[in-house]
Amino acid sequence: MSQVLHTPPHGAAHTGEDDLAALAARHGLSVSGARPGLPEYVRQLWARRHFITAFATAKLTAQYSQARLGQIWQVATPLLNAAVYYFIFGVLLGTKHGVDDYIPFLVTGVFVWTFTQSSVMAGTRAISGNLGLVRALHFPRAALPISFALQQLQQLLFSMAALLIILFCFGIPVGPSWLLTIPVLVLQFAFNAGVAMIMARMGAKTPDIAQLMPFVLRTWMYVSGVMFSIDKTLRETHLPHAAQVLLEANPAAVYIDLMRFALIDSFHASQLPHHVWAYALGWALLAGVGGFVWFWKAEERYGRG
Amino acid sequence: MAERSEENVPTVIADRVDIVYRVHGTGAGRGPATAALHRILRPGKAAKAAGVRRVHAVKKVSFVARRGEAIGLIGTNGSGKSTLLKAIAGLLPVESGAIYTDGQPSLLGVNAALMNDLTGERNVYLGGLAMGMSREQIKARYQEIVDFSGINDKGDFISLPMRTYSSGMAARLRFSIAAAKDHDVLLIDEALATGDRAFQKRSEQRIRELREQAGTVFLVSHNNKSIRDTCERVLWLERGELRMDGPTEDVLKEYEAFTSGRR
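Protein sequences appear in the order of chains A and B.
Using our numbering, the letters of the first sequence correspond one by one to residues 1 to 305.
Using our numbering, the letters of the second sequence correspond one by one to residues 1001 to 1263.
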């Protein structure tokens, strides 16, 4: 059983520790699995941009590939969602909360909020739910949360198509302000991708966070003015100044209101908080850049141990 | 020492590598609920109390692999072969020691990146991109990949979703995608066992090609014949220790004596 079979292998394999390290250094070998520097990481990520988009599109397409109607569901699902909201809030409850064009107001809010919500949720599971991929292949891990945020952006674009149908049905005119949707979407995407990366790192270390996130997100939704007008609430009720600032600076609320301002003619600039574009840009930069750097700092630890 | 020939350039150096797995929640120590809470609140201190078990999978393994070598990894189940392979690929951390590599070694396998609901064609692109190929490279190799897999031998299957494939067809396509890329250091874990006899022959041929183009090939297999056919050097791991390192015939002779002696 335990006869000594150790035959000394050829070459330098069994000389001392220093010799092997020196041999590696002499031939320019690097330590396997070390974290690259930030500029190198950005370069690697850029090199994988086609993978990021292909992965997002593949995930999106795979969703409905078993359905008979196939990709029609991409538009049909948000339309049905909007119909449910119309039925509950428009027909059953008849609530308008004193908001003009309440249904377009509500549906825009729901779609834009869903973009942030799904990106954060998908980001939380981006690493912990794809350990097989992370453990099998080498790529900058930030590709995963970014790809999931991109998938949600594609999903939102389909929802926007449904939204245009709804706006048309409610007689909302097309205006030049519709062009503002593009910068709003870009900024919101940067914010969402950043938060997705932050959540991906947290979710990779403690997968339990995925159980907690639905409750956090629901609370966040209720303070983001998805179903009511923050501007009107602030005018009618007396809140402490700090609470007012928090409500108005809430990134989700900022992006939702900007999108409403861009699309719905009865939603005026006076209903937007002060410095709203500064908030939108600030959040996008803070979450996007901050989230990216923070995610990169744990790059070599994802999917290990 | 400085005047080495091309063939003698090292591509992978393992320097007294130890790999330890930590398994959480094995039940030792406190009750599960408090243990879990402790782990979250005080990850460092509570680790011992919360019943984290350490599995020492690879112990003090050193070797130097050189360009042009095909190295077989053998050993009984659970001897640490796959673990060592993952560590070489940089996908598992080493506890002590170090692994130095020339370029980025890659595991042969794209299974995790593929999606069953997509067509074979889209999976070829997705898998290729996941391995770091460019769209143009994949386009150039596309026909080669499909022909190699033999998916279209019995009709136009490449345009059908992968979930409609038989398990053998899916395995063949996966290997074909994975083997399409040229690697500096290629790590293969039991990939040769897939597919029918004809496909196995083609796979062995492809691995020989990869080996010529690339630097070094590591092959983990329980099939001594495929080790004999592809490798000229073998590392034998037993209980995480490197038991033998040498020419294929010598090591396999001892290994076969060892395994038949145990039965």
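Keep in mind that the hints were calculated from the coordinates and are not lab data.
Source: prediction; values computed, not measured.
It is possible that some hints are incorrect.
Said to hold, decoys possible - One-sided excerpt, in silico: chain B residues whose CB lies under 8 Å from chain A:
1) Val1009
2) Asp1015
3) Asp1018
4) Val1052
5) Val1055
6) Ile1099
7) Asp1102
8) Arg1122
9) Tyr1125
To be verified - Over 10 Å on every C-beta distance to chain B, these chain A residues come out as not near it, computed from the model:
10) Leu23
11) Ile72
12) Leu137
13) Ile165
14) Leu180
15) Ala242
16) Ala249
As the list claims (entries may be wrong) - With a Cα cut of at most 30 Å, we get these calculated DSS-like pairs of lysine-lysine:
17) B/Lys1154 with B/Lys1086
18) B/Lys1059 with A/Lys59
19) B/Lys1181 with A/Lys59
20) B/Lys1059 with B/Lys1201
21) A/Lys205 with B/Lys1154
22) B/Lys1181 with B/Lys1139
23) B/Lys1059 with B/Lys1253
24) B/Lys1201 with A/Lys59
25) A/Lys297 with B/Lys1086
26) A/Lys205 with B/Lys1086
27) B/Lys1225 with B/Lys1253
28) A/Lys205 with A/Lys297
29) B/Lys1060 with A/Lys59
30) B/Lys1201 with B/Lys1225
31) B/Lys1060 with B/Lys1086
32) A/Lys205 with B/Lys1253
Even glycine gets a Cβ: it sits at the ideal position worked out from N, Cα and C.
Hint-by-hint comparison with the structure:
1. Val1009: It holds, given that the least Cβ distance between valine 1009 of chain B and chain A is near 6 Å, below 8 Å.
2. Asp1015: Aspartate 1015 of chain B check passes; min Cβ-Cβ to chain A is 4 Å, inside 8 Å.
3. Asp1018: Result: violated, 13 Å to nearest chain A Cβ.
4. Val1052: violated (11 Å)
5. Val1055: violated (11 Å)
6. Ile1099: holds (4 Å)
7. Asp1102: Holds. Min distance 5 Å.
8. Arg1122: holds (7 Å)
9. Tyr1125: Hint holds; tyrosine 1125 of chain B Cβ to chain A Cβ min 6 Å, cut 8 Å.
10. Leu23: Its Cβ does come within 10 Å of chain B, the nearest being 6 Å, so this is violated.
11. Ile72: At roughly 16 Å from the nearest Cβ of chain B, isoleucine 72 of chain A sits farther out than 10 Å, so the non-interface label holds.
12. Leu137: Not fine: 6 Å to the nearest Cβ puts leucine 137 of chain A too close to chain B.
13. Ile165: holds (28 Å)
14. Leu180: The claim stands: leucine 180 of chain A keeps its Cβ more than 10 Å from every Cβ of chain B (closest is about 33 Å).
15. Ala242: holds (30 Å)
16. Ala249: Holds, since 30 Å exceeds 10 Å.
17. B/Lys1154 with B/Lys1086: Cα-Cα ~36 Å, so violated.
18. B/Lys1059 with A/Lys59: Roughly 41 Å separates the two Cα atoms, so the pair is violated.
19. B/Lys1181 with A/Lys59: holds (24 Å)
20. B/Lys1059 with B/Lys1201: Violated, at roughly 35 Å.
21. A/Lys205 with B/Lys1154: violated (46 Å)
22. B/Lys1181 with B/Lys1139: holds (12 Å)
23. B/Lys1059 with B/Lys1253: holds (23 Å)
24. B/Lys1201 with A/Lys59: With Cα atoms ~34 Å apart, lysine 1201 of chain B and lysine 59 of chain A exceed 30 Å; violated.
25. A/Lys297 with B/Lys1086: Measuring from Cα to Cα gives roughly 22 Å; hence the hint holds.
26. A/Lys205 with B/Lys1086: holds (20 Å)
27. B/Lys1225 with B/Lys1253: The hint holds at about 12 Å.
28. A/Lys205 with A/Lys297: holds (13 Å)
29. B/Lys1060 with A/Lys59: violated (42 Å)
30. B/Lys1201 with B/Lys1225: holds (12 Å)
31. B/Lys1060 with B/Lys1086: Holds - the C-alpha atoms of lysine 1086 of chain B and lysine 1060 of chain B are around 16 Å apart, at most 30 Å.
32. A/Lys205 with B/Lys1253: violated (45 Å)
When the structure is compared with the earlier hints, violations turn up for hints 3, 4, 5, 10, 12, 17, 18, 20, 21, 24, 29, 32 and for no others.
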